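Visitor: What follows is the residue order along each chain.
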Amino acid sequence: MRCGFWRNVPWSGVWHEDRGVKIRLTVNGEPREADVWAGESLLTTLRDTLELPGSKNACEQGECGSCSVLLDGALVCACLVLAAQADGHEVTTVEGLADREELHRVQRAFVEAGAVQCGFCTPGLVVATAALLEANPDPSDDEMREALSGNLCRCTGYAKIFDAVRLAARS
Amino acid sequence: MEVLTPRSLDEALSVKAERPDARPIAGGTDLLVELNFDRARPETLLNLNEVPELRGWSRENGTLRLGSGLTYAEAMRAPLAELVPALAEASRTVGSPQIRTRGTLGGNLGTASPAGDALPPLLVEGAQVELGSLRGVRSLPLSEFLVGPKRNALEPDELVLAVRLLPSAQPQTFMKVGPRNAMVIAVCSLALVADRERGELRAAYGSSGPVVGLVTAPLEERDHFADTVAAAASPIDDVRGTAIYRRHALRVLAERAMERCLA
Numbered sequence: 001m002r003c004g005f006w007r008n009v010p011w012s013g014v015w016h017e018d019r020g021v022k023i024r025l026t027v028n029g030e031p032r033e034a035d036v037w038a039g040e041s042l043l044t045t046l047r048d049t050l051e052l053p054g055s056k057n058a059c060e061q062g063e064c065g066s067c068s069v070l071l072d073g074a075l076v077c078a079c080l081v082l083a084a085q086a087d088g089h090e091v092t093t094v095e096g097l098a099d100r101e102e103l104h105r106v107q108r109a110f111v112e113a114g115a116v117q118c119g120f121c122t123p124g125l126v127v128a129t130a131a132l133l134e135a136n137p138d139p140s141d142d143e144m145r146e147a148l149s150g151n152l153c154r155c156t157g158y159a160k161i162f163d164a165v166r167l168a169a170r171s
Numbered sequence: 172m173e174v175l176t177p178r179s180l181d182e183a184l185s186v187k188a189e190r191p192d193a194r195p196i197a198g199g200t201d202l203l204v205e206l207n208f209d210r211a212r213p214e215t216l217l218n219l220n221e222v223p224e225l226r227g228w229s230r231e232n233g234t235l236r237l238g239s240g241l242t243y244a245e246a247m248r249a250p251l252a253e254l255v256p257a258l259a260e261a262s263r264t265v266g267s268p269q270i271r272t273r274g275t276l277g278g279n280l281g282t283a284s285p286a287g288d289a290l291p292p293l294l295v296e297g298a299q300v301e302l303g304s305l306r307g308v309r310s311l312p313l314s315e316f317l318v319g320p321k322r323n324a325l326e327p328d329e330l331v332l333a334v335r336l337l338p339s340a341q342p343q344t345f346m347k348v349g350p351r352n353a354m355v356i357a358v359c360s361l362a363l364v365a366d367r368e369r370g371e372l373r374a375a376y377g378s379s380g381p382v383v384g385l386v387t388a389p390l391e392e393r394d395h396f397a398d399t400v401a402a403a404a405s406p407i408d409d410v411r412g413t414a415i416y417r418r419h420a421l422r423v424l425a426e427r428a429m430e431r432c433l434a
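Chains as they are written, first to last, in the numbering used here: chain A, 1 to 171; chain B, 172 to 434.
Just so you know, these hints were derived from the structure itself, not from any lab.
Note that this is a predicted model, so its numbers are computed, not measured.
Careful: at least some of the hints might be erroneous.
Said to hold, decoys possible - Lysine to any residue pairs mimicking SDA-like chemistry, simulated, CA-CA at most 20 Å apart:
#	chain 1	residue 1	chain 2	residue 2
1	A	Lys22	B	Glu221
2	A	Lys22	B	Leu175
3	A	Lys22	B	Arg178
4	A	Lys22	B	Thr399
5	A	Lys22	B	Glu214
What the hints assert, rightly or not - Quick list of the computed label-pair ranges, beta carbon to beta carbon:
#	chain 1	residue 1	chain 2	residue 2	range
6	B	Asp209	A	Glu51	53 to 63 Å
7	A	Ala74	B	Ala324	49 to 59 Å
8	A	Arg154	B	Asp209	21 to 31 Å
9	B	Asp394	A	Ser140	30 to 40 Å
10	B	Glu205	A	Arg24	55 to 65 Å
11	B	Thr399	A	Ser140	36 to 46 Å
12	B	Arg322	A	Ala135	37 to 47 Å
13	B	Arg178	A	Glu17	51 to 61 Å
14	B	Glu368	A	Gly20	51 to 61 Å
15	A	Ala159	B	Arg306	56 to 66 Å
16	A	Glu33	B	Arg178	46 to 56 Å
17	A	Ala159	B	Gly307	17 to 27 Å
As the list claims (entries may be wrong) - Derived coverage of chain B by chain A (criterion: at least 3 residues anywhere in the stretch with Cβ under 8 Å from a Cβ of chain A; other residues may be distant):
#	stretch
18	223–236
19	245–255
Don't be surprised by glycine CBs; every beta carbon is placed ideally from N, CA and C.
Extracted from the complex, chain A is given alone in its bound form (with noise of 0.2 Å):
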């Protein structure tokens, strides 16, 4: 429960106490479970009961792409799908792309192109481009910037952004 300025900003992120729905799902191969309120978005049990902050909390409304997580191997926002959705089905974080101490190859992309400022926007874009490479292993200019059209950063410009998905596609 949040109070004072918080209290009257749109968020879905505020504790609800009516949390009578039960969920049961696999989050990056395990299986978890959560009590969530029925009206919750996924984002906000997988940052606040599930302890996997890595897919961001910004827009809210699917614009911005920061909590782009795989559903079922799909890419979507999770700010938009309803966590009792995901009831039954796969989830796949950020936090889940990596083996171990082995980062995934997008990831290290990111790193060796600077490709990341202030990094908010990082796990989502990375979700999104490990989805990309998944489905289109040698993606053009124009099919690279069409399947991150829903991921906005506002430092790089994206130049640095679209080097580190041609260096992940070459890796």
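For this one, chain A is given, so just place chain B on it according to the hints.
Guide: Just chain B now, kept in the frame of chain A:
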């Protein structure tokens, strides 16, 4: 608040009959925004994601049946994209890849916004909307289903089951005006079919009136058709654009669409 997740169509219709106030949710791209911003607190949410009868599409004797749970990502894929090319083009302009994975045709119909991108391509192809309840199934032409801005002809105990249409197999396209290529709610949009078989032009405009509107004319009236479309629309000034701009843009889109389809 509670969420009910039926596992079959019968179960979903029973829930809707018992709880007519239950808000259906499929892709969630409209409703989650309302929930996240505290704009809606429906007593009951009816999660339709687990109802197999609403998914996918089929073809019987030429007639195409698109389930209300068909996503935009699915509508973009062959072979469906080749049967309803304007709908595929419109689907490609919806939101972002993330939104297209989740958003459904049924959502565009249920929300009934004049900006719904799937609506103009369905209207030019003479789509019928299939509505179901425990009382039975009925079918309405799309133009009768859409009764006003964000208002449709659904009864409280009904769900949108599918859209049916007979693909014209005629040259067609969809165009949309917005400030960028992705994540755009149409300032105005247009679907056009140049139907040589029936000798007519059919256009449907979006975001240019209280509902998506259909305009038809014989092929011989091609030279005046862009003006006819612009005159038929009844746009307003709002945050996305002015009425004057929209009318002008519709004229330009109609001209370009005819160039594309009559080449």
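Visitor: Against each hint, give a clear statement of whether it holds in the structure.
Guide: Here's how the hints hold up against the structure:
Straight-line distance between C-alpha atoms of A/Lys22 and B/Glu221 comes to about 17 Å, which keeps the hinted pair within the 20 Å bound. Between A/Lys22 and B/Leu175 the alpha-carbon distance is near 12 Å, which keeps this suggested pair within the 20 Å criterion. At roughly 17 Å between alpha-carbon atoms, A/Lys22 and B/Arg178 fall within 20 Å of each other, so this suggested pair holds. Between A/Lys22 and B/Thr399 the CA atoms are separated by roughly 56 Å; this puts the pair beyond 20 Å, and the hint is violated.
For the hint pairing A/Lys22 with B/Glu214, the CA-to-CA distance comes to about 18 Å; that is within 20 Å, so the pair holds. The given range of 53 to 63 Å is broken by B/Asp209 and A/Glu51, whose C-beta atoms sit roughly 25 Å from each other. Separated by about 32 Å at the C-beta atoms, A/Ala74 and B/Ala324 break the suggested range of 49 to 59 Å. In this structure the supplied range 21 to 31 Å holds for A/Arg154 paired with B/Asp209, their Cβ-Cβ distance being about 25 Å.
Remark: the range hint 30 to 40 Å for B/Asp394 to A/Ser140 is upheld by a beta-carbon distance near 39 Å. As the Cβ distance of B/Glu205 to A/Arg24 is approximately 26 Å, the hint placing it in 55 to 65 Å is violated. Between B/Thr399 and A/Ser140 the C-beta distance comes to about 39 Å, which sits within the given range of 36 to 46 Å. A hinted range of 37 to 47 Å holds for the C-beta pair B/Arg322 and A/Ala135, which are about 38 Å apart.
For B/Arg178 and A/Glu17, the hinted distance range of 51 to 61 Å is not satisfied, since their beta carbons lie about 29 Å from each other. Hint check: B/Glu368 to A/Gly20, Cβ distance near 56 Å, so the stated range 51 to 61 Å holds. Distance hint check for A/Ala159 and B/Arg306: the Cβ-Cβ separation is about 59 Å, which falls inside the suggested range of 56 to 66 Å. One distance hint, 46 to 56 Å for the beta-carbon pair A/Glu33 and B/Arg178, is violated here, with the actual separation near 20 Å.
Between A/Ala159 and B/Gly307 the beta carbon distance is about 58 Å. The supplied range of 17 to 27 Å is therefore violated. Only when three residues or more bring their CB closer than 8 Å to a CB of chain A does the claim for the stretch 223–236 of chain B stand; here the count is 0, and the claim is violated. With 0 residues bearing a CB less than 8 Å from a CB of chain A, the stretch 245–255 of chain B misses the requirement of three and the coverage assertion fails.
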